[in-house]
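Protein sequences appear in the order of chains A and B.
Letter by letter, the first sequence follows residues 1 to 456 in this note's numbering.
Letter by letter, the second sequence follows residues 10001 to 11124 in this note's numbering.
Simulated from the structure, these hints should not be mistaken for lab results.
Certain hints may be false.
[Stated by the list, open to error] The calculated DSS-like cross-link candidates involving lysine-lysine, where the alpha carbons are at most 30 Å apart (straight line), are:
id : chain 1 : residue 1 : chain 2 : residue 2
1  : A       : LYS412    : A       : LYS424
2  : B       : LYS10332  : A       : LYS424
3  : B       : LYS10513  : B       : LYS10217
4  : B       : LYS10473  : A       : LYS296
5  : B       : LYS10999  : B       : LYS10185
6  : B       : LYS10473  : B       : LYS10368
7  : A       : LYS363    : B       : LYS10173
8  : B       : LYS10437  : A       : LYS389
9  : B       : LYS10185  : B       : LYS11099
10 : B       : LYS10876  : B       : LYS10328
11 : B       : LYS10304  : B       : LYS10447
12 : B       : LYS10544  : B       : LYS10437
13 : B       : LYS10857  : B       : LYS10979
14 : B       : LYS10947  : B       : LYS10304
15 : B       : LYS11056  : B       : LYS10999
16 : B       : LYS10947  : A       : LYS424
17 : B       : LYS10979  : B       : LYS10133
18 : B       : LYS10122  : B       : LYS10622
19 : B       : LYS10135  : B       : LYS10563
20 : B       : LYS10382  : B       : LYS10563
21 : A       : LYS424    : B       : LYS11023
22 : B       : LYS10284  : B       : LYS10173
23 : A       : LYS389    : B       : LYS10332
24 : B       : LYS11056  : B       : LYS10915
25 : B       : LYS10328  : A       : LYS424
26 : A       : LYS296    : B       : LYS10622
[As the list claims (entries may be wrong)] Ranges between beta-carbon positions, derived for each pair:
id : chain 1 : residue 1 : chain 2 : residue 2 : range
27 : B       : ARG10383  : A       : ILE415    : 43 to 49 Å
28 : B       : ASN10934  : A       : SER182    : 50 to 56 Å
29 : B       : THR10439  : A       : ASP116    : 55 to 61 Å
30 : B       : ASP10659  : A       : PHE381    : 37 to 43 Å
31 : A       : GLN451    : B       : ASN10379  : 46 to 52 Å
32 : A       : ARG446    : B       : SER10371  : 30 to 36 Å
33 : B       : MET10354  : A       : ARG287    : 31 to 37 Å
All C-beta atoms, glycine included, are put in the ideal place defined by N, C-alpha and C.
So the chains spell out like this:
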Amino acid sequence: MAVIFIAISQAGCKKYLDAKPNQAFVTPQSLNDLQALLDNSSQINLGQYPGLLEMATDDFFLSYTQLSALTPFEQESYIWIRQMNFDQSATNQNWLNAFRPIFISNAVLDELENVDKNDPTFSQRIEGSALFIRAFSLWNLAQVFCPPYENGGSNNAPGLPLRTTPDFNVPSVRSTVSETYSKIIDDLKGAIKLLPVKQLYPTRPGKWAAYAALARTYLSMEEYSLAGVYADSCLQIDRTLIDYNTLTPTAARPFAVFHPETIFFSYSNGASILNPTRANIDTLLYRSYLSNDLRKTVFFQSSTGGNVGFKGSYSGSLSGTFFNGLATDELYLIKAECLAREGKYLESMTWLNSLLSTRWNTKGGTPFQNVFANSSEEALFKILLERRKELLMRGLRWSDLRRLNRDPRFSKNLIRIIDTGSLKTSYILKPGSLNYTMEIPADVIRITGMQQNPRE
Amino acid sequence: MKEMSEKVVVALLCPFARTKRHHPAMRITKLDSLKSLSSLCRVEIILEQLNRRKFERLIFTVLMMLIGFNAIAQTSGNLFKGMVTDEHGKALSGVSVKGITNKSITLTDKDGHFNYRSILQKDTIILSFVGFKTKRLAVDLSISTMLTVEMEADERDLGDINIVSTGYQTIPKERATGSFVQLDKAILNREVGSGILSRLDGVTNGLQVDKRTGNSKINIRGINTFSSSLTGPLIVVDNFPYAGDLNNINPNDVESITVLKDAAASSIWGARAGNGVIVINLKKGMFNRQPVLVFNTNLTIGEKSDIGYYKPIASGDFIDTEMMLYEKGFYKNDLSPTNKNRPVVSPVVNLLDMATRGLISQSEAQQKINSYRGLDYRNELKRYFYSHPISQQYSLNLDGGNQVMNYLISAGYDHSSGDTKGVQNNRYTLRTVNNFKATNFLEFQTKIQYDQSDRTGGSSQSSYPLSTAGGGKGQLYPYAQLVGENGEALSVVQGYSAVYTDTAGRGNLLDWKYRPYEEQYLLGSSTQLRHLNLGLSAKIRIFKGLNASLVYNYETQQTSNRKVNSAGSYFTRNLINRFTQVNGTTVKRIIPLGAILDLSEEQLRSHNLRAMMDYAASWAGKNDVNFIVGAEATHRPASSNGYRTYGYDEQTLGYANVDYTNSYPIYDGLAGNSFIPAQNSFSSTLSRLVSFYANGAYTYRGRYTISASGRRDASNVFGINTNNKWRPLWSTGAGWDISKEDFYTAKWLPSLKLRATYGHSGNISDAAGNRLILTYVSVPASFTNQRYAQITTPPNPEARWEDVRMANLAIDFRLKGKQVSGSVEWFSKKSSDLISASPIDPTTGFSSVQMNIGEIKSNGFDIILNSLNLERRNFKWETSASLSYVKDVVSQYYGNVSSTVSYATSTVTSISPIKNYVLYPILSYRFAGLDGQNGDPQGYLKGIASKNYSLLLTDSLQNLVYSGSAIPLYSGFLLNTIKWRQLSLSFNITFKFDYYFRKETISYSALFNNWSGHSDFALRWQKSGDELSTTVPSMTYPANASRDSFYAGSEANVLKGDHIRLRDIRLNYDFSFGSQKEKKNAQLYVYANNVGLIWRANKAGIDPDYVYGLPAARTYSIGFRYGF
């Protein structure tokens, strides 16, 4: 009997043991499975990008009391000193989480070989999306952990590790800065060829988003003419702007998610330091908004000591995260800046004015006055100021500082003053400082042995 | 005619032998050696142990044999036949029968019969059996060849257990080479309580229970794995791994428990036996036994949970800190009217703020604040929330049988009320087992077990510490008031600031206050568990010694959870308020009024089919062989589902539909637009296992035994090719009874046996396979509402099964006169290919993955000693002592090591492997005392005192102080039993030595930000000179989290865990009533459990068994047992 049993079960064993241990487990079989991975917005779009993109900018300041309640990591980032306290959660928030979309993209690209590709358009859309996501994450990481791209320079300094496989056994090795940016551009250009114009949700990228990301990338590389070309391609698809008059300025969260300016939806990790109740917006910056500029009410809420905090996030969140996705307003500003840099300052003002007019209070008594410039340089100054004001807390300021510091006309010293009541200490971040490049988390260095970024 | 002649002869020869009806158990078989009738006249009473009644029976038996049956000539030796019964005449099967001369072992069969061969006419046999006193019996073939022996039950007899059960077979201990611990009814029934596994703690040699976190984790001979989910032994109930909840098992149904400790013992369980096996055998009926009824009842009352054991910061200290922080402007942001998050602030801060704003006077504020100083909400909790746990237990057991069938029916009812109010638990158990002998060669067994438990209440929200303040606070402020003077429920700050919830909505919102006392009664949670176990087995005797059996076992368990957050509960009110839109006077409630009902169900089924052949034979009086070979398959599907209903009306059973697909603004912008929380969940899992196994042993002349077992397992681990799923495991062992050798002459040590085993067992893990596995998430993605999938574990082509190799050497001995017996075992283990979540390069997108990354080497010993210290006519004192040592050292670890601070500040309650350290290492920063100037804690950097906390925290692992293991290396017990007449007193002293723990301490940053403080605050450095008497650093403002972490992780907070505990005391009074013939036994007992510590090494008042939770409450029981 036992012999019979053994014989029967041996024969049936393979099938018997191939049963799935969990109904929810799937090995990717179809394009739908891969799309489902790309729709994992909580690991691709939401909260994945480094808080460090904003934690060290000159757009805000904290009182000593507020600062002292924060983790050592946040305190040290704020005053630009070595990040000794890259603890597990800081590592996750600023490194791991941004590399996870890259892992997912690599896994999708890898599995694309194995699944049934009966629908070529669908297959291309998936491939394009994965390429876009990988490039988008890399760009955000590069603004924090790579030295600034030097247009005309060798760009041989260590860049990001460029992972192209989901296999964790493959070691991470740093590329160079130029390789990093080439990879971003290659992926985005590849994505443009494959993606449809737009997709169902702004959490999924379309050509619209890929053009925008490419424009942003070229801008950060000081490749202004290319940035202008791709900004143009993007805006030709859709150049919708919200009329801020349609918003409720007093609302705690004035912007709905997926509003019409959203080209690609994503937001950063939460950083306590950026919580609007702590981070006071730079006083001069706040004062630079005119009283009929709707952004002055839509973007801000009052906080302690007559200061204001930022509440105008395009992600509809107030908790220390910031929208780092792509939106049409940014593309207007890229387009304007590139035109101004090409000497087409009149044309550049048209783009700037079309943006600013939608931010103007039509019921405020004074109608919107077009901004004028008499030279390219004047145009550039005006555009860059508006860029800072419009793209406040959008994860772009740090990148802009790194880029603009290379031009003596726009470079500036950043100053932090810590006043404990009995002792005043000031910290300065000079243009071109090594501290514009953050340290890579200690865990990553320890495990991979990759080269740490030098700091001052 | 025959019967008539019997009576005549009896009457003639033995005037005192009464003729009596055949006892059903007294079946007389064959007579083999016919002696002359005249020899009967030389009857001598040589069997001293036999009383008159037994003697009568013996004579009677002999006569019947003489007269009624024919003789069969024997070729080798003289054959003694006999039957063994207990005091009630119930046949005992499995009793080992051993001769002085032959020394081979025979077991009694199911009907209590045995055959014993001897070369002598006169011999002495030794009978031994679990739970009975070992009996030596002189036999004389010239007088009788058929013996009827009655054995006397022994309430506590750890030393002479002779049958071990592996879940596949029973083996006589003399022939077993492996390491087993057998616990019989007597030892298991010492403890009173509704759970069975807790009864193993403190009485099982080599078994340790880790209770540091409040959950009990059983470790047998240490730990053989890196992943916490793979720790814990395999638990086998009635021959099959138990799928249901072990709390279902009524301890009164348990006959015995065998703990399989080494590879030879456990390897028969193959890939699941890596952490040892606990085999629980439930009671069964017996053939030829008159109905026996056993009734047991007891009542247990526990002390209230000692929440005073926790050491929070005193209210006065907490208030002083808050006042200091207020002065420093710490709460400015929280108190800012523009702070849209409306963060919680404590009543003291609120009063200070009101005084500042002139809403109340300074003196009024101070007066009120001072009135808080003496408060401690633990007092109210204890009075209004906690209660004495009470439990009652009733069980009834009936069994009996005739020649062809036997039965057992048992029923149990347990009722208990928990340590917090409203917690009720009822358990009903019903069991029946029937055996039926269809023919001489075919036997069936059916088994039905049904149990149900209903649990109500038990919301975690009413136990200390109340961690409900929300708004980022970890704990409630210590001076909270929960109940007013008139017994009314008072509110505590919850979620948002009290000032905000006072007026929010201007009457358009529901009450937004949180009152914990009222809340107890507003949350209705209940869990109902139903479990059914069916077993069906058939056994065919193919020829003598060879049996084939087919066993099918089915289990199903259904758990239903129901949680009603009634309309008045804070949970419901808060959720409704958050989703309320107030526009002028129009109020729109996105979440409808009414209760919120969460229902969930889990279902588990398990099918097991086993086909097995077993063979046992002995020949030539010298050779004993037995083996089993078999195959089995397991199919175990499980599923669960859960869902939520809004607007539920308990009275009319109405409900409301809600919109899950759109996001809605949160009231007053307290948070971003949100979806109504949906609680739908579905899961479905399936585990399958196929095994083939064989196990055999051969014993020569009762002296030499060799054993071997092999097994091949395969499971449906996902993502691994079928070829890699198979896992072969084997073990082998040898035993040598030296004392049976001719050259052995040590009279002082009449029994000495050596055993040695070596073998492999394993652990099944779900470590990922070589392909990418994605998991569809059942909750749709936020914003898009799309189905999406996750990659939980990246592909790992290298995954292998864990392997545990163990060698065991043992000596069993008995000193002369049976006063002292025991065993000493030494073992060595190597667990390799261990799987652990290892930290990896975060650049991969994962901070850790499950990998085979290491190896543990363990060494240890187990010593058990039983001694009969004193025996007088009415007095007896016995001791059972156990000492175990095990040290698990990580010998290989390929995984990445975490940051230093994570080791130094960890509670070490989870496994943290580091090469060359024990599995649970207590590591700490070297402490250089406090700075005499300002009370700063100091450490050492490169040997020099330092206060650079950033560098100290990240100092390399090698510079940490290694104190030792966080789990005891030595553990054991000393169980004493003293009997005087019918009174019996036993008490168990347990001890654990050579281990350390990290005590909790004050963290100023946690105190400031989270309200969680520690009483060490009172010991802090305050002025120069304090550094001589304290190690607690001064309070600084602002708090420095690194400084706090450094002190918490310093050696100043590492304490020795060694302790001795009086675990329990039991007093029995045994009595019997009824006629001499129909004697009924009964017992009255009182029992106290968790009596208390006798000694502990630490002076901080911490019970080292319960460092991070509450010590088990002391309980008192009284009970009555009848008819055993």
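Take a quick look at whether B/LYS10382 and B/LYS10563 sit within 30 Å of each other, Cα to Cα.
holds, 25 Å
Given the hinted pair B/LYS10122 and B/LYS10622, is their alpha-carbon gap at most 30 Å?
holds, 20 Å
Straight-line Cα separation of B/LYS11056 and B/LYS10999 no greater than 30 Å?
holds, 10 Å
Straight-line Cα separation of A/LYS412 and A/LYS424 no greater than 30 Å?
holds, 22 Å
Given the hint that B/LYS10857 pairs with B/LYS10979, does the C-alpha gap stay at or below 30 Å?
violated, 44 Å
With a cut-off of 30 Å on the C-alpha distance, tell me whether A/LYS389 and B/LYS10332 pass.
With a Cα-Cα distance of about 28 Å, the restraint between A/LYS389 and B/LYS10332 holds, given a limit of 30 Å.
Is it true that the CA of B/LYS10979 sits at most 30 Å from the CA of B/LYS10133?
holds, 15 Å
May I ask you to test the hint 30 to 36 Å on the CB atoms belonging to A/ARG446 and B/SER10371?
Violated, at about 54 Å.
Take the C-alpha atoms of B/LYS10544 and B/LYS10437, compute the straight-line distance between them, and say whether it is at most 30 Å.
holds, 16 Å
Taken at face value, is the distance from the CA of B/LYS10328 to the CA of B/LYS10876 at most 30 Å?
violated, 72 Å
So if I understand the rule, the pair passes when the alpha-carbon distance is 30 Å or less; does A/LYS424 with B/LYS11023 pass?
Within the cut-off at roughly 27 Å; holds.
Proposed proximity, B/LYS10563 with B/LYS10135 (alpha carbon, max 30 Å)
Violated, because 58 Å separates the two Cα atoms, which is more than 30 Å.
The structure does not agree with the numbered hints 3, 4, 5, 7, 8, 9, 10, 11, 13, 14, 19, 26, 27, 30, 31, 32 stated previously, though it agrees with the rest.
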